[in-house]
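Engineer: Here is what each chain is made of, one letter per residue.
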Amino acid sequence: MSAAALALAATTLAACGNGAQPASEHSSERQLVAETPAGTKPVTQVTWNLLREPTTVDPIKSQTEAEGPVVGNMCESLLTVNSAFQLQPGLAESFEMTDPTTWVYRIRDGVKFWDGKPVTTDDVVYSLQRSFGTTSTKSGSFYPTYFTRVKAIKASGANEVTISLTEPDALFNRILATPAGAVVEKTFASREGADFGTPTVGVMCSGPFKFSRWTPGRELTLEKNDAYWDAERVPKVERLTFKFIDNDATAAAALQSGEVDGMYEVPVSSVPRLKRANAGTLRFGPGPRFLAIFPTEKSALREQKLREALYLAMDRAAIAKQIFPDVAEPMKSLTPPVFAYGEDTFQQYLDSRPDPNAKTDLDKARLLVQGIDESERNLTLATESTPSTVAVANQIQSQGKKIGLNVEVEVLTPNQNEALYFDKKLRTSYDGFLAYTWTYNADPLDFLVYFTPASYYNYGLYDNKEFSDRFEDALGTYDDAQRATEVVEAYKVVDRDLPWIPIIYEPNRLYMSNQLTGAPPSWAYVWSAWAARLGGK
Amino acid sequence: MSGPVGAARFVAGRVGLLLGTLLFASLVIYLAAYLVPGSTLGALTGGRSLSPEASAALIEQYGLDQSFLGGYVNWLAGVLTFDLGTSVVYRDEVASLIGNRIGVTLSLLALSLVLTAIAGLVLGMVAGLRVGTRLEGLITAGTTGALAIPPFVTAAVLVSVFAVGLGAFPTFGAGSGVVQRLWHLTLPAGALAMVGTAYLARATRTAVSDELSSRHVETARGRGLPSAVVVRRHVFRNALIPVSTAVGLVAAYLIAGAVVVENVFQLDGVGTLLVSAVEQKDLPVVQAATLLLVGLIMVISTLIDLLYPVLDPRLSRSKALA
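Protein chains in written order, with this note's numbering: chain A, 1 to 537; chain B, 1001 to 1322.
It is worth saying that the hints were derived from the structure and are not from the lab. Where hints are given, some of them may not hold.
A few chain B residues facing chain A, derived, Cβ under 10 Å [what the hints assert, rightly or not]: (1) V1089; (2) D1092; (3) S1160; (4) A1163; (5) G1167; (6) T1171; (7) G1173; (8) A1174; (9) G1269; (10) E1279.
Ideal placement from N, C-alpha and C gives every residue a C-beta, glycine not left out.
Just chain B, same shape as in the assembly (with noise of 0.2 Å):
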């Protein structure tokens, strides 16, 4: 099938997928809360005693005694309506508590996916087209030792080094203002980007000199085409393929990752959110979190997804829905 209905019928089928998996998650996530142990009335009240009236009071307030279908469908709900519910450590609504970090952990995350495919595009196109050489084998090892170290690892050698050591970066926080923001992200993102880079590097070396090595570049290549020419427009341009699907990979673990780099830098995101709510046993919090993370992760695959036709008129709507 071709043609704009063809392409809306595919369009639709892969939104239709996204919302169809978000719901499976959502299930998933409101199970795992609601099996955790311990009791969340407990930590309401802090463990002080409180009068029937009061802890009836907050039972209805955070609908403590409803069955997990009946709780199940009112957040589902909400979550439609943007009503996230309120957050039993904070008491304040928990839509208005991630609306006010979401900012800095979008930030960080574009940052660190911009210098991820700069840096990974760049090492393993030379990679790619430069086998066998010096610089190719140390890229590949250097890439190898990379993928090995936590992102905390690397956080913690470049404060030291850079913000204590060198006091050229701060050591926590995430700035306001948009030079303050990219000053006070510099160091998470780098960190964060280390692995990815490495990730990002090795896949596209291996899809380019794959298709440097393939029939129609070396009949290109016969024809006496100019070299720049045919890595380009033959290189290139096919090797997008393999390179977004890692685009894609790469991303979702970014967003793991960005959890465990807003702790160590203090950066007020919903990955802090997250942690400490876990902490505390602030389940809405944990849920709605949860949920907008895996959420994004998911349309970042669909949109990967949906990129694929246009990067290679061959796969047909039927191929590419498999």
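So that you can see chain A by itself, here it is in the shape it has in the complex (with noise of 0.2 Å):
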């Protein structure tokens, strides 16, 4: 028998042999959970899996879901958010509110760093303006954009920082429960300058989690910090070790086996292997990652015309039910589904959209390309070579098809993606790109933002009055129930308009090991302290 045979003959015992679990496992009907029993047994070691290794663990520079779910255990902000989304005291024990553009945070009694020192409005001050304030330019930081609003930052009093702004914000306090409000310690971060956050020297915070050891392309690990403030929410696990497994299968092989004891937005491709998988369970939670057409500055996909015809073409229902079965879901406007307020305003307005799982109305797409001149129905989509999202490509070009658009599909690689979002020449020689996108927070207000004619992701150039004037309403709106209508009225226009044309959305995943609980399926997860309730059962 050749060796080929025999490896055959191997790999259907080892299928065989791995624990498949009996068809009624499946559901149709997906259940989303926020939120797992919080741990209450001490573990010596976890080990938990990344999407890729972190470029660094300053949180300045955290905005990624490889940085996000390490900073987050270790740096505490002002503020932060449960996994309902909702907005909590963090380091602030208060903040409220003295006029429309002043918010007074009251900074909590005997915080201190890990190595001691008191946390003071010093170490506050500092921390802001170099992750928004004035030297946030000189410190690299990637959160200037969201801050706009900013006027001044200081310290008004021992235990009191007070920040006034040009214009009420309401989204201001959100991203402030992100690494963006992160304190820091001043003579740390000060001293150490550029290699603040790399691998040899760490950070210095308050968190319920500290920096121990990170070995390049190995791992990183953080240690219980047993003097946290809050002796509620000291962790029980010890030592938490994070791996940088970027290859799908081997994450996957890793995970079943039980080397890895959990991992966050798990390889669409191995979800079919960890749902049978009897060491650890497979949780979906409230999550808004979805994955939509951008239009680029080229000009066939500015034509609203041809956007609202693709939308119109594409079986959305099809392409989650056939490409990512299981994981996603159709989606129906451009709003994310996933809100922390105004919850039924949202879904009202929601329930009122067409229906994705009806026929698609191809007689009126055809109607509209009709519309078109004939030179200005070609383009060109550019989609990564992820085989959900080329197959998802091909889909829409196969539809395209059938209206009348010539579509034609350019594959690229993960690098050439990523220059796509930076490099212009690059860009406009394609009309269109299938990309991931995903709000900052859980207020639809802020995924607005991205079209806005300051948004630097605004590639399409949308400037449409009539939208910029119900966002800045909805902007300056701090009640949550009267913001929730402004918002829904600016996706109305959105949802007309179609500036990026969405698809399907992606819930967040979750894989456990069974002897684990405590982590939150929630999305909420990525700017979090997340690990501070793992424990054992």
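From these two lone chains plus the hints, build me the complex, please.
Structural biologist: Next comes the structure, spelled out in structure tokens:
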């Protein structure tokens, strides 16, 4: 028997032996769960996988799912967000608005950094200036563009910091509840300078886990902070080690064999295997990550009729069911499906939108296409080489053909795909590209920032006064219920104009060993101390 | 020519060839990186817009405004003093990034080479000495099949059966400490060694069976020398030349294959560093790592060239240099 035949036999044996569970385990109606019960037993070591290695652990440069989950456990912001996306006190034990452009934060007493030094208003002001204030361009922070309405940051009392704005800003506190608002030790950070956040230096913060050791390419370890100020939230886990397995199959194998205890956003291709795994459980939580077509500065997709035609012709329900089984849902609006307030208002609006499961309206789409000049009916769509997004692009191409649109698909390497975001010359060789996007926090208003003329990501140069007016109105409205209504009005405009064409959204995925509990499946994990409640059952 | 002077000249000639080829390779590598489309500055800033001063500082630090030749000379000068530049992604020195990872890659290569050499030579010798038998037929068929299976397929099967299925080996990582390292590298080295073994076995089989049918072996047999002596002194010793060539080729293949296998098993070696550097457009790292791997292959080639006259004194200096 040749080696090849032997290998084939061995694989079949292995697949059979690996704990297949009865088909009744799979339900088509997926339950979304925001939390798991907190762990009660201490655990010495937990190994967790990240999508890829962080490039730094400096909070002001932590904007992705690689850095956030690490930094969120170490550094604390003035405010925080719970698994239901509600704003909560953090290092600020209370916060209030003294007038629509002034916010006052009372800093908690007795909080210490890991080296024992107390957290003072000096540290708070230093950190915020470094993040989005006067020293933020020098520090290389990624956050200044989110805080364009900040006028001044100053210590206004022994335990008090006041931030004044140029205009009311309803998003301000939400973004403060991310690493943008993290407090780091002033003496440590100014001494380390550009080395702050690098593998050899780490950071100096006050969170429930402290930075222990980072071996680049291999692992990053955090240790529990026994002296954490909130005695009830001292971690049960002694050591939390992050690995950086970015190969889909390897990550899935490591999870199945138990060498890795858990992972967020497990690869789509591994979902069927992990659903059947014995040693752990795959859970889905509320999450706003979705796939859309981004138009570029090139002319074809800047024509609204073309975008609407594509939207009508796309069979989003089929895409969700066939290309992302068990993983994604079709979108029926640009409104992200996660809202921290105004639930009834937003849900009512979503319910009023056309059902994506209904038959696609190809006639209407064809009519729209006929209204476009013949020479403008060609477009090139770029996509990353991930099999699922390529399949989506191909579906769009074939639906396009049915309505008289000539869609060409260009497949790019992950590297080239990244370059689309900042290389205009590369980007404008295509009319549009498929991209995953996500709201920065669970306020649908935040997502609308992308469609304002000033937004870096507004490649299609969408500029509609009706939208901008409604957006500005909502931004200045602090009252949640009122703002929800105004935000819906803004979404009515973008759902008509479709500056981006939404396709599917993916609830957040969490795989966790059955010996552990406490990590939240909710996407709110990404900026928070999600491992503080992790422990044994 | 013979004697110590001739030997020295021969070695010098070979080393000169090695250095010349490396120089040429370095030019090609630098040129390839230079021609990569897309903006390194964009990759450095991650798409955020920076102030003009910040952009200028980055351009200066990474030498993004140099001419091709100027940049190449600077880079080469750096390489010769072990200053391989700064990584665009990690903001750390490339030399230290590679230095931290080279141990894993070399362990993997050493283990794979040992496995390949042992399995390949043994299978090849057995097959070569027993041409026409069922055993030989089995080995030949097996190696033909194995040659067709790429390392990542072998890796996937090995992981599925031995790591996930039986739980006998780890699914990823390189381990630290001699015992842990060996245990962690068993499956990766096995995956890598599969094709090399097949190739070496076939080359050895051919070399051995050719020698067996040669005149001097017939003569030795005819004179009544015991089989073991014939095989050892006359067959193997002479088969060593084609076998060494095969080992050289296999080593090159192993080095290239190590990049894939390292990625599958998440070993933090130079291979994974190279792959992620390519993905993130970390050009200084790509250039240095590629040059290193090319250099490694060239050094092994040269060492084998230097081995020929030792194995076969009939090869005169001038013939060896041809």
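Engineer: Run every hint past the structure and note whether it holds.
Structural biologist: Hints and how they fare:
A cut of 10 Å between beta carbons decides the hint on V1089/B: the least distance to chain A is about 6 Å, and the hint holds. This hint holds: D1092/B has a C-beta 7 Å from the nearest C-beta of chain A, less than the 10 Å allowed. Given hint, S1160/B at the interface with chain A, holds; its Cβ is 5 Å from that chain's nearest Cβ, closer than 10 Å. Checking A1163/B against chain A by beta carbon gives a least distance of about 6 Å; that is within 10 Å, so the hint holds.
For G1167/B, the shortest C-beta to C-beta distance to chain A is roughly 6 Å, which falls under 10 Å, so the interface hint holds. Checking T1171/B against chain A by beta carbon gives a least distance of about 4 Å; that is within 10 Å, so the hint holds. Because the smallest distance between the Cβ of G1173/B and any Cβ of chain A comes to about 8 Å, under 10 Å, the interface hint for this residue holds. Interface restraint check for A1174/B: the shortest CB-CB distance to chain A comes to about 8 Å, inside 10 Å, so the restraint holds.
Taken as an interface hint, G1269/B checks out: its beta carbon lies about 9 Å from the nearest beta carbon of chain A, inside 10 Å. About 5 Å separates the beta-carbon of E1279/B from the nearest beta-carbon of chain A, less than 10 Å, and the hint is met.
In summary, this structure violates none of the numbered hints.
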